[in-house]
Amino acid sequence: MVFERVMNDAVKAFEVLGVLILIVGGLIALVGCIIELARGEASSRVFDDVRARLGRSILLGLEILVVADIIRTIVVSPTLSSALTLGLIVVVRIALSFAIDVEVDGVAPWRKAATAASSDPTTRI
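Positions in the sequence shown are counted from 1; adding 49 to them yields the numbering used here.
Accuracy of the hints is not assured; some may be wrong.
Claimed, not checked - Listed next, with one range per pair, are the computed distances between beta-carbon atoms:
| hint | residue 1 | residue 2 | range |
| --- | --- | --- | --- |
| 1 | V73 | V151 | 35 to 41 Å |
| 2 | I83 | R160 | 31 to 37 Å |
| 3 | V125 | D98 | 35 to 41 Å |
| 4 | R94 | V116 | 30 to 36 Å |
No wet-lab data here; the hints were simulated from the structure. Quick caveat, the model's predicted, so the values are computed rather than measured. Heads up, the beta-carbon is just placed ideally off N, CA and C, and yes, glycines get one too.
Using the sequences provided together with the hints, build the complete structure.
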């Protein structure tokens, strides 16, 4: 009984942390956008910056929420139904994370190193 309560509390803590990251990250991105626009910076660059900041906070928040789902499924309620639900949630979140990552960086995750190397003038081919 005590173990279940502790694990339920851990799940709730991870869920709260994930949601807080989403909220605080979103607010930081928007405040940063407002500050940059007030300084007179180019709106297209500001838009790209706010999208990148917001995307990264969403990615981090989703990762924390996945941890909560895993703990809940494995420890709190280990049933076939909850495992299938976890699988579906993880697949949806992976697809969402992938889409956001590509949107933020403009390149597929497995191509980041090649893109960074080709844009770095100190590397030689």
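Verification of the hints:
1. At about 24 Å, the CB distance of V73 to V151 disagrees with the hint of 35 to 41 Å.
2. The given range of 31 to 37 Å is respected by I83 and R160, whose C-beta atoms sit roughly 33 Å from each other.
3. A C-beta distance of roughly 39 Å is found between V125 and D98, which places it inside the suggested range of 35 to 41 Å.
4. Separation of R94 from V116 is about 34 Å and conforms to the stated range, judged on CB atoms against 30 to 36 Å.
Hint compliance for this structure: hint 1 is the single one not met.
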